[in-house]
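Asks: The whole structure should be built from the sequences, with the hints applied where relevant.
Now for the letters of each chain:
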Amino acid sequence: MRRWLPYPGLALALLLVWLLLSQSLSVGQLLLGSGAALIGSHAMAVLRPPRRRRVRLAPLAKLGALVAIDVVRSNLAVAAIILFPRKGRVSGFVRIPLELTERGGLALLALILTATPGTLWVEYDQRKRMLLLHVLDLIDEEEWATLIKSRYEVLLLQAFEA
Amino acid sequence: MSGGWAGHLIIAPILLPLVAGAALLLLKEKRRTAKRGIALGTTAALVLLSVLLLTRVARAGFAGDPATLVYRIGNWPAPFGIVLVLDWLSALMLVLTSCVGLAALIYAATRWDQAGPRFHTLFLFQLMGLNGAFLTGDLFNLFVFFEVLLAASFGLLLHGSSKARIKAALHYVALNVATSLLFLIGAALIYGVTGTLNMAHLVLQVAAVSDQDLPMLQAGMAILSVAFLVKAGMWPLGFWLPRTYAAAAPPVAALFTILSKVGVYAVLRVPLLLFGAEISRTAGAAQQWLFFGGVCTIAFGIIGVLAARRLSRIAGYSLTISAGTLLAAVGAGEGSVLAGALFYLVSSTLGVAAFYLLIELVERRDAATAVGGEPVFDDEYVGLMPIEQESEVGVVIPASVAILGGGFAFCVLLIAGLPPLSGFLAKFAMIDGLLDLRDTVGAPVWWLIGLIVGSGLATLIATTRAGIDLIWAPSERPQPALRVTELLPVGLLLGICFALTIFAGPAMRYMERTSQSLGDRHGYVEAVLGPEAAGR
Amino acid sequence: MIQAPDLPGWAALIVALLVLSGAAVTLVGSLGLLRLRTFYERVHAPTLGSTLGMALIVAASIVCFSVLRGRLSVHEIVIALFLTSTAPVAFMLLARSALYRDRRGDV
Amino acid sequence: MTTLALALAITAAQILLGLAVFCAFLRMAWGPRAQDRVLGLDTFYTNVMLLLLTFGIQTGRTLYLEAAVIIALLGFVGTVALAKFLMRGEVIE
Amino acid sequence: MSIATSSVTLWFVLLLPFVGSLAVAGLPTRSRDAAALIAGAVALAGTVLMAVLYPQVANGTGLQTGVSWLPSLGLDIILRLDGLTWIFAMLVLAIGVLVIVYARYYMSPRDPVPRFFSFLLAFMGSMLALVLSGNLVQLAFFWELTSLTSFLLIGYWHQNESARSAARMALVVTAAGGLCLLVGVLLIGKIVGSYDLDTVLASGDRIRASSLYLPALILILIGAFTKSAQFPFHFWLPHAMAAPTPVSAYLHSATMVKAGIFLLIRLWPVLAGSEAWYLIVTSVGLITLILGAWAAIFQQDLKGLLAYSTISHLGIITLLLGIGSPLAAVAAIFHTINHATFKASLFMAAGIIDHEAGTRDLRKLSGLYRFMPITATLAMVAAAAMAGVPLLNGFLSKEMLLAEALEETNETLLDQALPYLVTVGLIFSVLYSVRFIHQSFFGPPPTKLERRPHEAPHWMRLPIEVLVLACVVIGILPAVTIGPFLDVAVRAALGGGTPEYSLAIWHGFSKPLLLSVIALVLGTAAYLVFARALNAADAVPLLGRLRGRRMFDAVLSVLVSSARWLEDWLGTRRLQPQLRLMVLVACAVALLPFLRHGYAPGTAPRTLIDPGFALIWLIGSACAVAGAWQAKYHRLAAVVLVSGTGLASCIGFVWLSAPDLALTQLLVETVTTVLLLLGLRWLPKRLPDNWPGKRTPASVVLRRGSDLLIAVAAGAGVAALAYAMMTRPLPDAISRFFLERSYAEGGGRNVVNVILVDFRAFDTLGEITVLAIVALTVFSLLRRFRPARESVRDPEQQRLQDAFDEAHAGRAPGDTVSDYLVVPRIILEWVFPFIVVIALYLFLRGHDLPGGGFAAGVAMSIALILQYMAAGTRSVEARLRVRPTDWIAAGLLIAAATGAAALLFDHPFLTSWFHYLEVPLIGKIPLATALLFDLGVFLLVVGATALILIAIAHQSIRRPVRPLRGGEETGVEKR
Amino acid sequence: MELVLALGIGILTASGVWLILRPRTFQVILGLSLISYAVNMFIYAMGRLKVDAPPIVGSGAVEASRYDDPLPQALVLTAIVISFAMTALLLVVLLASRGITGTDHVDGDDGE
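Chains as they are written, first to last, in full-length UniProt numbering: chain A, 1 to 162; chain B, 1 to 536; chain C, 1 to 107; chain D, 1 to 93; chain E, 1 to 975; chain F, 1 to 112.
Just so you know, not all the hints are guaranteed correct.
To be verified - List time: in silico DMTMM-like cross-link candidates among lysine to aspartate or glutamate, alpha-carbon distance up to 25 Å:
no., chain 1, residue 1, chain 2, residue 2
1, E, Lys190, B, Asp436
2, F, Lys50, E, Asp732
3, F, Lys50, B, Asp213
4, F, Lys50, C, Asp6
5, E, Lys448, E, Asp354
6, E, Lys190, B, Asp439
7, A, Lys128, C, Asp6
8, A, Lys149, A, Glu99
9, A, Lys128, E, Glu806
10, B, Lys30, E, Asp886
11, E, Lys364, E, Glu161
12, A, Lys128, E, Asp805
13, B, Lys163, E, Glu790
14, E, Lys511, E, Asp415
15, E, Lys694, F, Asp109
The hints are simulated quantities; they were obtained by calculation from the structure and are not laboratory data.
Replies: See below:
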């Protein structure tokens with residue numbers, strides 16, 4: 001099984017993408033899509049990324065909802081900053097120590113933080129496990145650190161490392 | 001389309017080198033003998049093939065049948081799909097290409113093909129590009145084959161990279177890329193006005209162009225011609241030519257002598273076809289420009305030949321001269337001048353090709369020219385190149401200098417247009433034809449005659465200056481080590497010229513028919529599109 | 001060319017609103033690119049376009065085509081998916097390289 | 001009527017997006033930092049992709065979305081290369 | 001002998017020397033006797049056979065035989081034997097025999113003589129063919145051939161600089177003359193309408209009446225004068241004395257220089273008789289006569305003296321021909337024969353002296369009579385003939401000359417002065433003849449010689465003896481010996497107008513005799529007076545500055561240096577001017593038609609402006625301008641801006657109904673950006689120019705200004721063309737066909753793709769070949785890549801970052817980059833399979849919707865490149881073995897094989913086939929060969945793009961090879 | 001629209017021509033890419049402009065005037081590929097030239 005289908009989850013996702021692209025659920029497209037997904041997942045296998053343990057989906061779903069809300073909220077906030085500049089707004093870097101070490105988790109966190117307007121993942125020091133974040137509207141460094149750790153990292157830890 | 005296998009022979013000059021070249025890629029770089037063998041076999045087969053096609057054209061043509069053979073690629077009817085057209089001129093060019101190609105390849109197989117990887121593939125692709133350009137009957141397909149042959153020529157020029165080659169290649173590539181863009185603009189304009197790309201169909205469409213659209217068409221044609229003329233090396237567009245060719249490895253330079261004729265071929269083919277006498281709303285002016293351009297080119301070539309310090313530059317400038325002569329002959333009119341010019345094209349191409357091959361042999365006495373520079377980087381792909389692995393251990397022919405000298409002399413005679421080789425007959429035929437034009441064209445004919453004569457003299461002066469010292473001057477240098485395989489190609493080329501001299505009658509008859517066929521738009525259209533279209 | 005597909009009124013309204021607001025958000029983001037003072041601040045601006053702006057327009061597209069075809073057409077989700085997973089990578093790498101420039105000595 | 005309104009709205013959106021592209025262009029042309037220019041290019045890509053989506057809506061064809069998909073998936077490659085070049089002095093080590 | 005046999009004999013005689021030449025050339029280097037024997041036999045056989053042919057010409061009919069060569073241009077090989085030809089042929093052959101005998105003994109045993117005899121025979125053959133030519137072009141052909149073979153003979157001792165330069169000079173001068181001659185005879189041919197000699201000879205009046213007569217005459221005369229060393233082309237002849245003496249004896253007495261004379265005689269009936277002829281030929285002959293004789297007096301080299309005397313005598317013949325009367329022509333022919341006999345013998349004698357005494361310097365020679373009485377006697381007789389002493393043949397022709405000079409032909413001053421000037425020339429000629437004899441054979445025994453001279457071997461003297469005998473016999477019994485032959489020759493040469501003349505020793509006391517005596521007496525007296533002074537001369541008085549060779553060299557060097565100057569002025573080796581010219585020329589020629597017809601946009605309805613598109617497109621244009629502005633110092637900015645332009649044009653394509661183009665452009669755009677960045681690593685830093693005085697020099701401003709103008713002009717031109725085209729209605733194009741047949745006959749809905757893989761798949765095949773070639777070229781060029789010194793090291797950023805990592809505790813080198821890439825790398829890994837799937841998607845549906853093999857291939861290679869960027873070359877290649885060349889080969893072969901498969905069914909190449917297969921559950925599945933073709937495209941594009949990018953990327957992990965001892969080389973890997 | 005497109009083509013060409021006349025290799029390569037964008041658009045324009053009429057046909061009878069001219073598009077595709085290939089080649093040649101001559105001047109020497 002592993003040999004034929006190295007990454008079942010990935011293959012499923014690829015098949016989904018194929019079906020979305022071709023906008024059809026016909027048997028032919030299903031077959032073609034499965035073939036493509038197979039090839040795609042074998043392509044992934046060629047790169048030989050480290051194997052991942054199972055991922056829990058429930059925390060991820062929760063995270064997704066949270067992020068969606070946050071994105072909209074911060075979009076509006078940043079839009080306000082751009083349209084109505086206020087004096088005294090400071091932006092700056094924040095250092096946040098992370099407990100998360102899983103590659104996937106880190107990547108997801110980076111995606112979330114960067115995709116949310118107002119925060120930007122700048123660098124992660126693998127040895128010190130220290131994240132460097134840039135924040136557009138920096139009021140309190142501590143607050144940001146706890147926010148991120150409590151709001152996102154916890155969920156990610158649950159999903160990936162529990 | 002039927003006619004069994006024989007009917008498909010027209011595609012073979014393109015398909016054969018393509019497949020062989022691609023197949024060579026599958027062989028490891030170390031299997032040199034196999035590669036050589038395949039490449040040589042393919043090229044030899046091309047010679048046979050092209051001769052076969054030529055005899056077919058000639059037999060049909062001399063028997064009074066239509067000589068033009070058309071091959072519809074993809075089985076699509078003519079103005080829509082791409083067609084290959086084999087007529088007098090293209091058959092001639094095919095033979096010329098394969099002969100020069102074979103000679104150059106034999107020469108290269110002695111040692112030059114080791115100067116870099118993938119030589120044989122590039123070489124075969126070059127032949128494919130040339131053959132395609134000569135065969136195609138479609139304007140855009142012509143562009144594609146131009147690019148094929150250019151790309152291959154870039155590769156071959158850079159073969160055995162050295163400082164001079166790289167510097168020359170930079171100019172060559174930049175200029176040719178720019179030229180290709182001009183080609184595209186010109187071809188696009190022509191398509192925009194006429195709505196077609198097939199050359200025969202173009203002839204019909206051009207005749208139907210409204211007066212309002214005419215300047216657009218002419219502008220397109222003019223831009224296209226500039227692109228051709230850059231490739232042909234016309235002054236003031238061809239300064240790159242002598243330098244580039246001088247920088248190339250000898251067998252490559254020899255092959256390039258054909259390359260410089262592609263531009264001339266295109267001028268012969270496209271503008272003549274589209275703007276001939278039948279549609280001569282502008283033919284006169286265009287031909288006049290061509291004529292004067294040719295005259296200036298010859299003059300510049302003469303200057304260059306005289307100014308040249310090295311033999312390879314002399315050879316380069318004699319290509320300029322020959323391009324100029326051909327252009328001027330085209331400009332002077334179809335008919336017997338053109339026939340002479342075509343004869344000249346053949347013999348000068350062969351002569352200069354042989355000359356390029358000889359130059360290296362002659363100059364090898366001066367310095368043991370290493371085939372390439374020393375490698376700087378360890379090679380990641382196939383390991384270090386064994387440089388000069390089996391060099392200079394050839395059979396030392398006692399009379400090597402004599403042979404070299406003789407070959408050199410024959411080349412010079414051929415290029416300068418002196419007896420006993422075909423160069424003389426070519427010049428004679430051209431001047432003879434030109435003298436017939438003295439009443440219609442007037443004084444410029446005399447300039448051209450003067451320049452044709454002068455170019456021979458200039459070549460003689462320049463080559464004797466350099467050649468005598470190289471070959472005759474006593475020296476402490478060791479006898480050059482020659483291999484038979486290096487002399488064989490030179491002999492081959494000169495031998496063809498010698499045969500051309502002896503069989504000048506039939507050869508000239510062929511050229512005359514070629515020249516006639518170039519003027520015969522009706523026949524061309526009929527052959528490609530069928531009699532109904534032509535009768536329209 | 002001013003044209004639009006023939007949609008029922010309600011759908012047209014939704015689509016129009018979504019498209020306009022998406023475009024507006026994107027424009028604001030790009031304006032931010034001009035108005036913010038430092039590079040680090042400016043990096044935040046285009047995210048508007050690649051998140052909310054994109055989401056709104058994709059939504060418009062989904063509505064539009066679903067109504068047009070008479071069945072759910074979610075093919076644009078792929079775009080959303082791809083863009084959200086790739087755009088941040090660029091920002092991240094860019095910001096870090098700017099940081100390197102700013103503190104040459106202590107990378 | 002509604003169609004016309006929708007058409008106008010879409011055109012307006014396109015103009016807005018066009019202006020957004022213009023902003024991105026100004027960053028590309030002005031800099032001042034190299035990173036600014038690259039950021040401008042990235043924004044250019046995103047905005048253009050959105051423009052393509054609106055064009056798709058306008059024409060009612062899903063055909064044009066393919067280009068948008070390609071931009072979404074591969075538009076960042078150029079930016080990544082540029083960013084890496086700025087950071088490391090070469091794109092592929 | 002029948003005509004047929006005679007013809008065959010004639011061919012045989014002609015071909016014999018060429019065959020002999022080849023045979024001799026094949027002999028081993030040292031086979032002196034064999035070579036001489038073969039050569040001699042050939043020449044002797046030729047002589048005998050030619051003699052046998054005499055009856056054919058004696059009756060005046062002559063012999064003509066030909067083969068077709070180039071019939072369409074009127075060039076056939078015609079051998080034409082008449083009296084004149086016969087005489088010349090006999091001279092060529094008979095003297096050839098003698099020279100070969102002589103040469104056998106003259107040439108050193110160490111000389112590789114087969115080469116010599118081979119050349120000599122080749123020359124003999126060419127000369128024979130020349131005189132036998134029955135066609136003017138054929139004559140010009142062999143004319144040049146004699147120049148070439150004589151070049152080889154003159155340069156035979158090529159180890160001597162003098163021989164080389166003399167050979168070259170002779171070749172250049174005579175070949176140039178030959179080319180003039182060619183044009184000249186072509187003109188004649190055009191006047192007459194045929195190159196056939198008979199026809200030409202019959203149309204003298206027509207030729208002289210033609211407007212082309214003068215140019216033709218001048219050109220032909222130039223040819224003849226260069227060959228026959230007439231003033232002002234005489235200078236090559238004395239230098240040609242660097243040739244071995246047998247060569248001089250052959251070429252410069254009897255044959256080569258006589259070719260010009262032969263031509264003049266041959267065409268005499270056609271060309272002579274006009275005023276131009278008289279003035280040019282006579283005066284040139286006269287000047288040459290006097291000049292040559294005068295210069296001969298002062299020569300210290302025996303052969304030099306003979307050379308100048310040859311020039312002088314050739315002048316005599318020319319003069320005679322110039323006079324234009326038939327009698328003069330007779331004299332000319334006669335003197336030609338005479339000169340050949342005595343001059344050949346004199347050269348041979350000089351050769352013997354040289355051989356025996358070891359020098360040819362007259363000042364060193366003295367009293368040789370006592371050592372070599374026979375040679376001396378022979379030389380004396382020959383010299384006497386040269387001086388015109390009675391009872392010898394020279395005397396006879398000289399008398400004829402004087403008689404003709406005295407004859408009043410016209411009223412010109414030249415005619416009046418002729419007798420006196422001729423006499424002066426003859427005085428000189430007596431003077432140098434006496435000097436030649438007296439100085440070498442008489443006087444005290446020589447003191448300055450290195451060895452003791454003695455008589456030459458008998459066989460070496462034999463040729464001289466034969467020739468001197470001829471001089472004497474002809475001199476005494478002219479009417480009996482030479483008379484009949486001369487008669488035949490004259491009749492053949494002059495045709496109808498053959499005059500009455502008598503060959504006798506004694507014509508009674510006459511003015512010519514008087515002048516002759518005066519010349520003899522004064523000449524001898526002058527020698528007695530000036531002998532000592534002459535020996536001291538080291539230059540020719542009055543003419544000292546007119547050294548032919550120096551002038552020749554000067555002319556050539558002026559030619560070369562002016563050519564170099566012109567080459568620089570008219571040409572360029574730099575790229576910018578070439579591109580500038582190209583753009584300018586293209587603009588100019590495109591403008592021309594509009595100057596004539598005017599410019600007008602079309603009348604087709606315009607499309608409404610679409611604000612979104614217009615905005616983007618204008619921004620794209622602005623990007624282009626900004627990119628152009630930034631490209632010099634901010635390359636990265638320029639890359640960014642140009643990408644913007646590319647993107648804008650993608651949008652343009654989408655908008656304008658070309659989704660395929662947009663897709664492809666977009667993908668290519670991405671790859672190009674990566675490519676340019678890969679390249680940027682190796683380019684030098686550019687700093688703004690620092691002009692002195694902080695001000696841009698005017699020249700730079702001017703150049704930029706003009707470039708700007710050119711750019712604007714080009715842009716405006718293209719825009720105008722585009723606008724004019726777009727506003728015209730589309731002609732009834734072939735595109736309808738594609739749209740209508742695409743689905744029905746091509747099996748695809750995406751017409752663009754069907755065109756690419758079916759209708760015009762041949763273009764695509766070519767296009768992918770280009771890609772393959774470029775990839776291979778890049779690959780092979782980069783194998784020898786040598787980065788500039790300052791870019792060999794890692795880029796500055798990497799060095800700083802590594803230094804930082806090293807300097808800090810708790811960090812290992814490379815941490816910075818690994819931290820930098822840790823997250824992106826994960827994401828890029830995730831993206832990889834998706835890109836692969838998208839690529840497959842693009843590939844599979846290309847036939848019906850935008851996409852296709854090319855787009856898919858590029859997408860695939862972008863996927864690869866992303867991995868390289870994220871993980872680094874080594875890391876990727878540790879896991880992934882990419883073999884791009886195999887991919888390329890496979891792609892090409894699949895595409896070509898798909899096309900060739902049609903041949904199996906006797907369809908043309910690339911004929912497509914498709915079929916819808918009904919499969920249960922799935923429905924119709926399209927099967928098309930076009931898809932297979934596209935697969936080839938896909939594979940090739942992946943291979944080629946990957947090969948290009950990877951090959952460049954590889955440069956970063958290569959290190960210069962440091963040569964170790966023993967020539968071995970090793971690569972030091974980075975890190 | 002025609003005017004806008006023509007203007008753009010002109011501007012692109014002009015910028016490109018200006019760049020190819022510059023003495024630095026990198027400028028030349030960028031100039032050539034700019035011109036090739038312009039030329040691609042130009043070729044496309046020879047099929048005249050049609051908005052929203054991509055040449056993707058249905059399976060029934062085809063009304064040719066409803067579609068954009070597909071042929072220029074096919075030509076442009078070929079031209080894009082070829083110009084990409086040539087850009088790559090030129091780039092590598094200029095790198096080699098830069099390496100071997102030590103300068104990025106087009107003539108291989110820094111004489112301005």
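Asks: Next, verify each hint and record whether it holds.
Replies: Going down the list of hints, with the structure as the test:
1. E:Lys190 / B:Asp436: holds (8 Å)
2. F:Lys50 / E:Asp732: holds (16 Å)
3. F:Lys50 / B:Asp213: holds (21 Å)
4. F:Lys50 / C:Asp6: This hinted pair holds, its Cα atoms lying about 21 Å apart.
5. E:Lys448 / E:Asp354: holds (13 Å)
6. E:Lys190 / B:Asp439: holds (12 Å)
7. A:Lys128 / C:Asp6: Violated - the C-alpha atoms of Asp6 (chain C) and Lys128 (chain A) are around 59 Å apart, more than 25 Å.
8. A:Lys149 / A:Glu99: Given that 25 Å is the threshold and the Cα spacing comes to 9 Å, the pair holds.
9. A:Lys128 / E:Glu806: Holds: Lys128 (chain A) and Glu806 (chain E) sit about 16 Å apart, inside 25 Å.
10. B:Lys30 / E:Asp886: holds (15 Å)
11. E:Lys364 / E:Glu161: With Cα atoms ~24 Å apart, Lys364 (chain E) and Glu161 (chain E) stay inside 25 Å; holds.
12. A:Lys128 / E:Asp805: holds (14 Å)
13. B:Lys163 / E:Glu790: Roughly 18 Å between the alpha carbons, so the hint for Lys163 (chain B) and Glu790 (chain E) holds.
14. E:Lys511 / E:Asp415: Within the cut-off at roughly 16 Å; holds.
15. E:Lys694 / F:Asp109: Holds, at about 23 Å.
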